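Could you put the whole structure together from the sequences, leaning on the hints where they help?
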Amino acid sequence: MKIINTFVPCLYAFKYPGNSKDELERVFDEWADPMFLNDFFEKNQQDITISIQEAISKVNSEAIFLRDKLIDLANATPNQLNQLFKNLDNNEIISPALSRQKAPNRWLRLYAIKIDENNYVITGGTIKLDSGAIAFNNLYRMQDRPHTNKELSKINKCRDYLRDEGVLDNDSFQEIFF
Amino acid sequence: MNNDKINKFKALVSDKKSGWLEKAKWRQENQDWLDISFAIAVKIMAVLRVNKKTEAFPKNQKELAQALDCSPQYVNKLLKGAEKLNIETISKIQKALKIKIISNSFITTKIEVVVKQEKTFSKPKTTVPKNYVKLDDVIHHNFRTSRKRANSQVYSA
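First to last, the sequence lines map onto chains A and B.
Mapping the first sequence onto the numbering used here, position 64 (from 1) lands on 64, and the numbers just tick up by one.
Mapping the second sequence onto the numbering used here, position 146 (from 1) lands on 146, and the numbers just tick up by one.
Calculated from the structure, these hints are not laboratory results.
Please read these numbers as outputs of a predicted model, since none were measured by experiment.
Keep in mind that a hint or two might mislead.
Cross-link-like lysine-lysine pairs, in silico, DSS-like; alpha carbons within 25 Å at most [what the hints assert, rightly or not]: (1) Lys23/B / Lys2/A; (2) Lys43/B / Lys58/A; (3) Lys157/A / Lys5/B; (4) Lys43/A / Lys52/B; (5) Lys43/B / Lys43/A; (6) Lys77/B / Lys154/A; (7) Lys80/B / Lys58/A; (8) Lys69/A / Lys17/B; (9) Lys25/B / Lys77/B.
Here it is in structure tokens:
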């Protein structure tokens, strides 16, 4: 796997073997792709309380919001990345209340490992449907759904890689909320 | 984190740069039409989903390609939500899926187009270069001064 520069000096992204895109580019391409989103929500319809059409539209709006915020960030000095990242323990079970408090009704997530106070590496991202029906009926863990579990597994692999390279010595990863 | 670890980390960073920013700026600049293209793609897939349930035609991308008389690759592009659709394609989609994408309700008055038939004139016996066309009480225009029309057929009234 490779680590590559993004658009600001302190934000990096992993690029996995066999992928032509780094993780930042990949997730935003997926969020702008109606076909991908349609398939995603057809598979995860049990986790939404709105129609698939509305869900796709919600993701599209969030992705545009997130993109514009990142572009603003790219043009801002000094670095304001810290505003975007919030700590989330790896094994934490997110209660509906906590979930809403951290990211009110927003589904899009970027995951990053914090190297130090100013440097972050994006490991991936996904649509985390922890609001709506699932939030009211259950507690939501990343392990509970294949797409979030896959992201968790990527975070763990990246962390192991950075540990093996002698870069990382803590266990925290970051979930980016807006 | 000490400098040693940061240096180790930076040594792992490839000299390649993410393609994200370039794409993000392009999407931002083209947001208006991308929004429309995206919405059309979502609508098409919603109709295909309903058609699949009710066994109506077209119910998948392959059948939609047949209905639109285009290649499955084009339908795939269409459903990616970043295609600049022309009016003909939009009309075909409307017809094939029985949906309304563009409404002509912005037309508030009826526009009647009347084409008047050109009168038949006999060719002049003289060679007087009266270089004009006479239409039925509509146009009297002398093209002699117009270089663009220099090859117009010559008639006399």
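Checked hints:
A C-alpha spacing of about 21 Å is found between lysine 23/B and lysine 2/A, which places the hinted pair at or below 25 Å, so the restraint holds. The suggested pairing of lysine 43/B with lysine 58/A holds, with an alpha-carbon distance near 14 Å, which does not exceed 25 Å. Proximity of lysine 157/A to lysine 5/B is assessed by CA-CA distance (about 19 Å); at most 25 Å being required, the pair is judged to hold. Between the alpha carbons of lysine 43/A and lysine 52/B the distance comes to roughly 16 Å, so the proposed pair stays at or under 25 Å and holds.
Using a Cα cut-off of 25 Å, the hinted pair lysine 43/B and lysine 43/A holds, with the two alpha carbons roughly 18 Å apart. A hinted pair counts as satisfied when its Cα atoms are at most 25 Å apart, and lysine 77/B with lysine 154/A does not qualify at roughly 30 Å. For a cut-off of 25 Å, the pair hint linking lysine 80/B to lysine 58/A stands: about 17 Å separates their Cα positions. Proximity of lysine 69/A to lysine 17/B is assessed by CA-CA distance (about 20 Å); at most 25 Å being required, the pair is judged to hold.
Annotation: proposed proximity of lysine 25/B to lysine 77/B holds, straight-line Cα distance about 21 Å (limit 25 Å).
In summary, the one numbered hint that this structure violates is 6.
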